[in-house]
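Asks: As a plain string of letters, each chain reads:
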Amino acid sequence: MSKTEELLHDLSDKGQPALIGYFPAGYPTVEDSVEASVAMCESGIDILELGVPYSDPVMDGLVIQVATEQALANGFKLNMFFDMVKQITSRVETPVLVMSYWNPIMQYGVERFARDLKAAGGAGLITPDLIPDEASDWLRYSEELDLDRVFMATPSSSQKRLDQVAKLSRGFIYAVSTMGITGAREDLDAKARGVVSGVRETHTQVPVCVGIGISTADQVTEVNSYADGAIVGSVFIKAYRDGGISELRKTVKQLKGGM
Amino acid sequence: MTDKTNLKAQDGPYFGEYGGRFVPESLIAALDQLEETYSQAKVDPTFALELDELNKTYVGRPSIITEVPKFAALAGDIRVLLKREDLNHTGSHKINNVIGQALLAKRMGKKRIIAETGAGQHGVASATAAALFGLECVVYMGEVDTQRQALNVARMKLLGAEVVPVTTGSRTLKDAINEALRDWVANVDDTHYLLGTVAGPHPFPTIVRDFHSVIGKEARQQMLDDFGFLPDVVTACVGGGSNAIGLFHAFLDDEDVALWGFEAAGDGMETMRHAATLSKGRVGVLHGAKSYMLQDEDGQTVESHSISAGLDYPGVGPEHSWLKDLNRAQYFGISDDEAMQALKALSQSEGIIPAIETAHALAGVIKYGHTLPAGSSVLLNLSGRGDKDMETVGKYFGFLE
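Chains Z and B, in that order, are what the protein sequence lines are.
With the first letter of the first sequence counted as 1, position 28 gets the number 27 in numbering that gives the first Met the number 0; the numbers rise by one all the way through.
With the first letter of the second sequence counted as 1, position 389 gets the number 388 in numbering that gives the first Met the number 0; the numbers rise by one all the way through.
No wet-lab data here; the hints were simulated from the structure.
Nothing here was measured: the structure is a model prediction, and the numbers come from that model.
Treat the hints with caution; some may be incorrect.
[Said to hold, decoys possible] So the derived list for chain Z, only partly shown, Cβ under 8 Å to chain B, looks like this:
no.: 1; residue: Ser54
no.: 2; residue: Phe81
no.: 3; residue: Met105
no.: 4; residue: Pro127
Beta carbons: idealized from backbone N, C-alpha and C, even for Gly.
Could you build the full structure based on these sequences and the hints that come with them?
Replies: What follows is the structure, encoded as structure tokens:
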């Protein structure tokens, strides 16, 4: 079983909720993003979701778009990425999952990306625009290298597609809370519960975590009452943007403390 | 191995290795619904009747063919025939696809359509169809394009559409598509994304091609009926590739007919400022499909450049990538200046003002027509009229200050 899964099951068995935190690599600079990521891990996130900046992030709202645009403008390159992952994994025990749109991985080479990620201590990949139907290379190398592969389950996914996602995901399944893109929302969609129960119906042992639109401690608590973890992104970037590392640490603790 | 004798039958989701669905899971149900609705409509005679009737009484089909001997003289000892898509309602080929997809939107019970636009032609066509069918319409347009195509922005607003200037990324067509996709992910229940070119995830490349294939079907029959032969070369400009595939498709299995596509070379093929995706790009994934695209070594999309907003796109439809690799079609680059000179040449030799996009194909005929044997004939898709470009043209030639 993947270490990410073990960790999430373990928290769940102890009745403790899980917080998964996103931060974009290279934002605002490579060094800063390493420090921010480590600070998030030290402040209490259970899994780090490290984003690869991409020129055309169609699943992301404005906060992440602006941050990743800035990372690219400040010179982020893929050849710096694995060293960043290594720096983070050498300083904290928190599993590091990489969130990347597909084209950067395809250009780097799927096998090469998988091997370099493994060597850097990374746990696996979250792929927002790669559905299992198009993922044959990634399925092969993630299997060979024991890497997590997180696919999405959404309110519009048919039960047949949920079966496929459940069967092929490792680490956790990313339940998209609402029909929309990343960014804070006041009312977390009730649809999230529907997605999670749809995934549970597949009788999968893979944990289900909910993301998109989560920004408050109360939402984190609510999500953890029916899912195996809450995924938070934009609000951490806002905290860092407006108040640096100290505000970021505070926000992580707030969201974690709300549990 | 692809059967090269029946290229027309290729229907996606893949064209060779190209195409597919590289999109968020949130969109899969909507793409499945669209595919299902289209495959039912395709075999439903009432759908064909309705579309034919609208093409005849609203769009103005069939479009005519005009032979242009004085223009042809600039390209050697050849004949040049124009398929006049510029005479369609709204002034370009874009209306063909829009009417078809709006009918599909109605069948799916969707009340709202969204569209991206570069030059504004697809936006205007979408706003037109929305007015005709009583649909709500939102058009995403890069801020840069809203400025260089201000007249089309006014047309869309007059037709009742909301035009949203996109201020992220390069603020052109590529970013307008990103924004339209984000809108679609959030509003997929009541909204149809009326994609304007043969790119994007399956089934868009197939559906958009099929609705434009009327261009080639008509033209091929007109050639046989009115001229008694098939052309030696069939040609069009290529941005995303919709007008080109619309004309090419009927000729794919006519082995003796060469297919030439002309991309925007911007400042020149040797510069970094161009939109020559097939000639200079590499295979990648952009906007949901695997195809040639302009990108850096990390797979970040590179901004394209062209004087023509409609060709200013760093991607291209997957079927073109397939035709290029099969060597069934050839693609060449045409610079801004070559296109502008050809635009002027057709205007002054024949009294037909083409769109700047279309002028790339005209320039291609002037540039490469000389390589053809004497007496050869070239059929060119005159995909749009130039009215929308008068400000750019006026400034370029110093008619306006």
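Asks: When the structure is checked against the list of hints, which entries are broken? Sort them ascending.
Replies: Hint 2 contradicted; others consistent.
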